[in-house]
Amino acid sequence: MTKLLVPYLTAGVTENWIDYLLAMQAAGADAVEIGLPFSDPMLDGATIQQASDRALARGVTIDAILAEIKGAPVRVPLIAFTYANLVFRPGAEQFCRRLAEAGFRGLIVPDLPLDEAAEVARAAEAAGIELTLLVAPVTSDERLAEIVARSRGYVYAVSRMGTTGERDALASTAATLAARIKAAQAALVAPEEALPVLVGFGVSGPEQAVEAGRAGDGVVIGSALMRRVLDGATPADLEAEVTAVRAALDRADQEATADHASHAQISGHRG
Amino acid sequence: MPTLMTEPAAGRFGGFGGRFVPESLVPACDALAAAFSGAWADPAFRAELNDLLAVYAGRPTPLTPARNLSAALGVELLLKREDLAHTGSHKINNVLGQTLLARRMGKRRILAETGAGQHGVAAATAAALLGLEATIFMGERDIERQQLNVLRMSTLGATVVPVTTGSRTLKDATNEAMRAWVADVDDAHFLLGSVGGPHPYPWMVRELQRVIGDEARSQSPYVPDVVVACVGGGSNAAGTFAGFVDTAARLVGVEAAGGAAMSSGRAGVVHGARSMVLQDADGQVAEAESIAAGLDYPGIGPEHAHLGATGRAEYHSVKDDEVVAAVRRLARAEGIICALESAHAVAWVLREAGGPLLPTGSRVLLTLSGRGDKDMATLGAVA
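Residue numbers (UniProt numbering), protein chains in the order written: chain A, 1 to 271; chain B, 1 to 383.
This is chain A alone, in the form it adopts within the complex (with noise of 0.2 Å):
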């Protein structure tokens, strides 16, 4: 099965960003995580807290964000990513619908654990919007099993206890936590109906992202990208990255035995 590849972008970064997503795009991404930037993101690291300050420090605003993804000519999927407090300052509902009017998919709020989620769950749902959930090393198995039913989208497998970045190695819980998730599914629905399973966290080059994508269905990669971007890389100089770990995914589906003809794919809403 092709492996999923799902880049992330801090949006606003740059003057230029929309050139980055669209970078991405023709790199063969298939669907773009875009972090719409806190002041306070307690999930983040050194380089997307960077980011996000950045972002923050030009004056971008969450209009201004939306008003220019609705105007580019994008294809893939977006995800917006995004704390739990931009969320309920209009309302989930509102935040939600104007989401969806922008052109998301989905919406992922790492402050929003599974017992706070219900009422941005409600107002996602009525908008269209899948809410991603995510998984985490240490949640339990009971626990695990409800947040894969209420996931919508995928399934995000935070592959390491800590905050987003890059990491030299891939941790080891990460195979570990996707083979629980996969199990929680097959337990709960049909194989055809399982949400691609995404290892986040720590996902830095090719050879991690190939490694994460055998855990999972695919791998989010954010901080060793938005790295590029801080140091100046060129939207053309990212198409390359991306392209390269695409390159890399491939290679691995290849070379891996034949068994799936399936694509997985980024939509799956199960209702």
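Derived from the structure by calculation, the hints contain no laboratory data. Any given hint could turn out to be false.
[Claimed, not checked] Stretches of chain B that chain A covers, calculated by requiring three or more beta carbons in the stretch to come under 8 Å of a beta carbon on chain A:
id, segment
1, 166-176
2, 210-219
3, 228-238
4, 266-273
Keep in mind the model is a prediction, meaning the values are calculated, not measured. Glycine included, C-beta positions come from ideal geometry on N, C-alpha and C.
Here the structure of chain A is known, so what remains is to put chain B in place on it, guided by the hints.
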């Protein structure tokens, strides 16, 4: 009126509180809530804590009549002297409890955030006493203005980590401490210094600080008409109010004008709880601005938000110049140099005495949450 003696359901205070944390922290918060419940119900734990509070922290702290100010203002003013507790503020009550709990949970190190440094000093002190490692996160800007406390922390063996992000104050130090906790949740206890953060912190810290209110109640010859305390996150106020919430006393929290979450903020989620937060139209958290580093915080504990929303407590704010004047007036009238934070409560009494909010003849109990040694450089600079 509920006194909230027991664990609030799902960590809620009305529409406030809760647990807005990454999934990685949920099991740790659950474990902490269970551990605190168990410890708080365990007579042996309570006895050990009470012993430390008595023989180490110097409790009970006295209730001092401010005779000269009372005569001048026309109100009867009693001061609950948390400035006389070991390390110089009420923060010691909370850290002794949490550090004992951390040790009981088998943790090896504590992580703490600090603004003015009083919580950091208290945390470093308790860690030294009980044999845990301490890492204290402090905004770079606060490090500059609170050099004395930085020295105290390092002398006590703690590692002080300068936080260079955002406003480089308490808000950012709190983010950094929470991030560090996510990465080391098995080994580390996050020793939160106020009544904010995810459940169980607002409840746990309030319970550990209620010793202030309970003592004051038993020491006071009467139930005061008005109970006043300064509020940043609001732990000394929460502890004080807890002793009087079931009486007819009016409860008054005094915020910094530049960080007045109750009057200028809106409901929102920051640092793990839903409460009142200073923020812009998108929900970006605003940078608070106060001469008192300990009140330089854009939020407030969720129980205060609830007490305010239900009208059980009232919240007012005072400006920096009133605060500086209050430190000097209290010092010259009573021979007590209080912290800039505590001086907010004093400033409110000075401003309102004889007026409609604090009529002549009122009996006022004011918690003096800490002493002002740390603020001498700041005071000198505004002389």
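Hints, verified against the model:
no.: 1; hint: 166-176; verdict: holds (count 4)
no.: 2; hint: 210-219; verdict: violated (count 0)
no.: 3; hint: 228-238; verdict: violated (count 0)
no.: 4; hint: 266-273; verdict: holds (count 7)
The structure is inconsistent with the numbered hints 2 and 3, although it conforms to all the rest.
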